[in-house]
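**Student:** The chain contents come next:
Protein chains: 2
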Amino acid sequence: MSSILSHSIDEYIKMVTSFHGYPAPGVLIGGFMVDLAYTKLPKDGLYEVICETAKCLPDAIQLLTPCSTGNQRLKVIDTGRYAFTLYEKRSGEGVRVYLDWTLLDEWPEIKGWFLKLTPKEAQDEGVLIREIKEAGSDICGMEKVQVKLDSLNKRKKSSISICPSCNEAYRTSDGALCPACKGSVLPYGRMSKTPSKRHKSA
Amino acid sequence: MSSILSHSIDEYIKMVTSFHGYPAPGVLIGGFMVDLAYTKLPKDGLYEVICETAKCLPDAIQLLTPCSTGNQRLKVIDTGRYAFTLYEKRSGEGVRVYLDWTLLDEWPEIKGWFLKLTPKEAQDEGVLIREIKEAGSDICGMEKVQVKLDSLNKRKKSSISICPSCNEAYRTSDGALCPACKGSVLPYGRMSKTPSKRHKSA
Chain R
32 MSSILSHSID
42 EYIKMVTSFH
52 GYPAPGVLIG
62 GFMVDLAYTK
72 LPKDGLYEVI
82 CETAKCLPDA
92 IQLLTPCSTG
102 NQRLKVIDTG
112 RYAFTLYEKR
122 SGEGVRVYLD
132 WTLLDEWPEI
142 KGWFLKLTPK
152 EAQDEGVLIR
162 EIKEAGSDIC
172 GMEKVQVKLD
182 SLNKRKKSSI
192 SICPSCNEAY
202 RTSDGALCPA
212 CKGSVLPYGR
222 MSKTPSKRHK
232 SA
Chain U
32 MSSILSHSID
42 EYIKMVTSFH
52 GYPAPGVLIG
62 GFMVDLAYTK
72 LPKDGLYEVI
82 CETAKCLPDA
92 IQLLTPCSTG
102 NQRLKVIDTG
112 RYAFTLYEKR
122 SGEGVRVYLD
132 WTLLDEWPEI
142 KGWFLKLTPK
152 EAQDEGVLIR
162 EIKEAGSDIC
172 GMEKVQVKLD
182 SLNKRKKSSI
192 SICPSCNEAY
202 RTSDGALCPA
212 CKGSVLPYGR
222 MSKTPSKRHK
232 SA
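So the sequences go chain by chain: R and U.
Read left to right, the first sequence gives residues 32 to 233 (the working numbering).
Read left to right, the second sequence gives residues 32 to 233 (the working numbering).
No lab work stands behind these hints, which were simulated from the structure alone.
Some hints could be false.
Pairs of lysine to aspartate or glutamate residues, derived as EDC-like cross-links and limited to a Cα-Cα distance of at most 20 Å, are as follows [what the hints assert, rightly or not]:
1. U/Lys-185 to R/Asp-109
2. R/Lys-86 to U/Asp-205
3. R/Lys-185 to U/Asp-205
4. R/Lys-151 to R/Asp-169
Just so we're clear, the structure is a prediction, and the values are computed from it rather than from any experiment.
The task is simple: from the sequences and hints, build the whole structure.
**Tutor:** See below:
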């Protein structure tokens with residue numbers, strides 16, 4: 032494989048290093064997976080993604096599709112499988128692409144890494160990256176899927192209320208208190224609430 | 032405000048447009064929030080983020096910090112509040128920055144947008160963006176927090192198994208079947224599983 036969408040492999044590796052912190056094998060393979068998905072979809076669709084793992088793959092999707100965590104067109108439903116579904120948001124038609132372990136016998140370094148058969152200290156990163164570049168999307172499976180749009184549990188629009196406990200704005204539909212004050216969902220306690228007007232000199 | 036970290040405002044708006052799809056007000060404000068958080072933290076920390084909303088703010092964090100969804104240094108715990116906590120991952124010390132609605136009286140367009148007091152069709156986007164640029168981080172509050180690291184429920188490392196139902200790789204620690212085959216967590220059915228070796232001609 033010599034390119035990922037409109038990018039050369041080396042360009043893509045630079046993008047991954049900048050965004051993800053390092054050229055993680057999973058994000059590199061994810062690039063070929065996204066490239067493969069687009070070959071089977073009309074160019075003019077309005078796409079969203081369901082990603083089945085929180086590890087690495089979401090960053091390939093964010094770098095190569097218009098879908099991001101913050102624009103809420105990328106949703107992670109963590110099944111632990113290295114797979115995502117790219118689908119047209121109005122019709123629900125899409126493709127699911129996954130890393131297919133049954134195709135890895137030709138690529139022993141990828142197989143040892145993906146199935147955790149090779150201990151980290153015994154992995155040869157250079158060989159791993161070379162195998163990933165050579166394999167491209169040949170190690171991926173793909174299937175058509177029909178996303179059930181009404182089961183996506185998209186949050187309904189809500190007006191905004193001020194929480195009487197923390198005095199911050201939140202969705203009225205969440206009830207009389209914001210979710211943070213209702214239950215201990217956050218893993219921290221407040222130490223000192225700096226008066227907002229004075230944060231510059233605090 | 033004339034800059035966001037090392038970027039001019041206009042540079043940052045271009046980054047947001049490219050990554051998020053358009054210069055969303057929430058991502059612009061998020062930029063000033065991240066800038067403010069960094070003023071209070073040592074430069075050499077190894078940081079992670081808990082973001083309290085899935086809307087817009089995660090993209091400001093991904094653009095301006097080393098934390099992303101795919102490298103798992105950004106975690107969304109959706110309380111609906113427009114806030115995030117940037118903390119040092121080994122000590123748990125950090126700051127929580129939030130958009131403070133009590134400071135919005137001087138910025139009527141931001142107030143109308145943030146508290147959903149102004150209907151969408153009555154919003155003046157030009158005025159809104161101008162107010163956001165002028166206000167910078169003056170509309171944000173900040174507080175010190177101590178993150179309880181042991182309550183973050185980080186997933187333990189697991190070996191990999193092959194699911195006897197779907198024949199895909201998943202975390203052994205998830206049980207005898209992968210989470211997708213165990214329950215109906217995914218909003219789609221499979222239509223046709225293209226034999227992997229032949230996807231190019233399928």
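**Student:** Decide, hint by hint, whether the structure agrees.
**Tutor:** Hint by hint, here is what the structure shows:
1. Among the hinted pairs, U/Lys-185 with R/Asp-109 is consistent with the structure: their alpha-carbon atoms are about 14 Å apart, no more than 20 Å.
2. With a C-alpha separation of about 16 Å, the suggested pair R/Lys-86 and U/Asp-205 falls inside the 20 Å cut-off, and the hint holds.
3. Our distance criterion of 20 Å between C-alpha atoms is broken by R/Lys-185 and U/Asp-205, whose separation comes to about 26 Å.
4. For a cut-off of 20 Å, the pair hint linking R/Lys-151 to R/Asp-169 is broken: about 24 Å separates their Cα positions.
This entry does not satisfy hints 3, 4, going by the numbered hints stated previously.
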